[in-house]
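Letter by letter, the chains look like this.
Number of protein chains: 2
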Amino acid sequence: MEQSGADGLKVRYIADIYTDFEEKFGIPRQSGLVEGLTGRIVFRPEYRVPEALRGLEGFSHLWVLFDFSQAHRDDWQPTVRPPRLGGNRRVGVFASRSPFRPNPIGLSCVKLERIERGTPDGDVLVVSGVDMLSGTPVLDIKPYLPYADCRPDAAGGYAEEVFGAKREVNIDPELLREIPADKRGALVECLAQDPRPSYQADNARVYGLKFAGLEVKFRADDKYITVISVGPGAEAAQDEAAHE
Amino acid sequence: MEQSGADGLKVRYIADIYTDFEEKFGIPRQSGLVEGLTGRIVFRPEYRVPEALRGLEGFSHLWVLFDFSQAHRDDWQPTVRPPRLGGNRRVGVFASRSPFRPNPIGLSCVKLERIERGTPDGDVLVVSGVDMLSGTPVLDIKPYLPYADCRPDAAGGYAEEVFGAKREVNIDPELLREIPADKRGALVECLAQDPRPSYQADNARVYGLKFAGLEVKFRADDKYITVISVGPGAEAAQDEAAHE
Numbered sequence: 564m565e566q567s568g569a570d571g572l573k574v575r576y577i578a579d580i581y582t583d584f585e586e587k588f589g590i591p592r593q594s595g596l597v598e599g600l601t602g603r604i605v606f607r608p609e610y611r612v613p614e615a616l617r618g619l620e621g622f623s624h625l626w627v628l629f630d631f632s633q634a635h636r637d638d639w640q641p642t643v644r645p646p647r648l649g650g651n652r653r654v655g656v657f658a659s660r661s662p663f664r665p666n667p668i669g670l671s672c673v674k675l676e677r678i679e680r681g682t683p684d685g686d687v688l689v690v691s692g693v694d695m696l697s698g699t700p701v702l703d704i705k706p707y708l709p710y711a712d713c714r715p716d717a718a719g720g721y722a723e724e725v726f727g728a729k730r731e732v733n734i735d736p737e738l739l740r741e742i743p744a745d746k747r748g749a750l751v752e753c754l755a756q757d758p759r760p761s762y763q764a765d766n767a768r769v770y771g772l773k774f775a776g777l778e779v780k781f782r783a784d785d786k787y788i789t790v791i792s793v794g795p796g797a798e799a800a801q802d803e804a805a806h807e
Numbered sequence: 564m565e566q567s568g569a570d571g572l573k574v575r576y577i578a579d580i581y582t583d584f585e586e587k588f589g590i591p592r593q594s595g596l597v598e599g600l601t602g603r604i605v606f607r608p609e610y611r612v613p614e615a616l617r618g619l620e621g622f623s624h625l626w627v628l629f630d631f632s633q634a635h636r637d638d639w640q641p642t643v644r645p646p647r648l649g650g651n652r653r654v655g656v657f658a659s660r661s662p663f664r665p666n667p668i669g670l671s672c673v674k675l676e677r678i679e680r681g682t683p684d685g686d687v688l689v690v691s692g693v694d695m696l697s698g699t700p701v702l703d704i705k706p707y708l709p710y711a712d713c714r715p716d717a718a719g720g721y722a723e724e725v726f727g728a729k730r731e732v733n734i735d736p737e738l739l740r741e742i743p744a745d746k747r748g749a750l751v752e753c754l755a756q757d758p759r760p761s762y763q764a765d766n767a768r769v770y771g772l773k774f775a776g777l778e779v780k781f782r783a784d785d786k787y788i789t790v791i792s793v794g795p796g797a798e799a800a801q802d803e804a805a806h807e
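Line order of the protein sequences matches chains A and B.
One rule links them: number in our numbering = place in the first sequence (from 1) + 563.
One rule links them: number in our numbering = place in the second sequence (from 1) + 563.
Quick caveat, the hints were computed from the structure, so don't treat them as lab data.
Treat the numbers as computed from the prediction; the structure is a model and nothing was measured.
Where hints are given, some of them may not hold.
So, partial list: chain A residues that the calculated Cβ filter (under 8 Å) puts toward chain B [unchecked claim]:
#1 Ser-567
#2 Lys-573
#3 Ser-594
#4 Gly-595
#5 Asp-630
#6 Val-654
#7 Arg-664
#8 Pro-706
#9 Leu-708
#10 Cys-713
#11 Pro-715
#12 Ala-717
Where a beta carbon is used, it is the ideal one built from N, C-alpha and C, also for glycine.
In isolation and in its complexed conformation, chain A is listed as follows:
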């Protein structure tokens, strides 16, 4: 199955996760922040074995280990500038959840909404609270074990310093109708988190967020996010926001 040597290990993609994000801009900076964001985990044919999921329905949350496939680099940098710290303070890569790390493996805790059995793609895991690009390759699924994984006494370092206040989202009811009803709540939540990288928060600028096949244009300031238009997601937004 895997090949290993003295210096590393070959890992295989076991599944792919499909979400409403075709681009990085607008993705919540961690899993669980926007509960309404759902994803579908589709196993690759070799791993499409119903027995491999036996007992999983008893767990409410899962760990997804995935490949930050859009963050591969030929070299690694010891420090990163988390967008959350304004993009101008450097922290060590191992003190961050940045996708740009020696091994580009992401770790997200998602909620298991349901298992869709016997679809044309086999048994599909429907999860929520996702923070992955659509099409992200998955390396592993593990149950979240509260007695081992939940540490209420943990101190969150610099990441605790700057939990930005949520923005209020203004959206014209007419524009809201352009968004499928089951996607509205999650979209508004994503916007409320202010997806702009802090270091280029420009109140005059129009930002474009691609979400669920739509492009949502908005302006933002310290208090409000104002949606300007909702249309089919044709052109690419120019901005990227990375995990912290």
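Starting from the known structure of chain A, arrange chain B on it as the hints suggest.
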């Protein structure tokens, strides 16, 4: 740095963790269960860069992603029998934390006790609550982010059913003196968890636990663990306990 293709990713070992366990038998089944168990994470030369740890000291807990290097198999099995369920009930591999999985990547939450700066091995992370074999290769270190990683409302599936009662540990003071003072607490805690696989819990049998260079022989029943001898850890114990 890494090579990737349509079906997988090559990951590199960035560090190794050294613990008091030379064998699997006796290792707690998850991280954090025995707080006194410490480990030293030593970075490999290429990753021995002090800046890569900047800001890490502000976090109390870390995720360690590691290679279950003693659990490599040529093929994978869709189900496993967690020792915790008595070894006679099968659950899906993705509903378990078993080391025997398509990609043998382990995930442990450890407490960061301190960073030892400028040792001959570079900056070393001293962590506690470990559940790894000594010499386990490490793939990634990430900060534990309470706001994303701690889910107090999570349901723990079958793993909640059988949280065995702890055993009382009987050990003669004379034997206790054979154990270095700073290892006694952790050893007693490991024994109290009853390291025997449930499916072969044999009250008459003498088990040998190798720990911190010693071999600790004991008998066990439903209530007590009784230490029989403590000596230098020469011969290997025959039993193995796996992660669940």
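Practice problem: Report the numbers of all earlier hints that the structure fails to satisfy, in ascending order. | Solution: none
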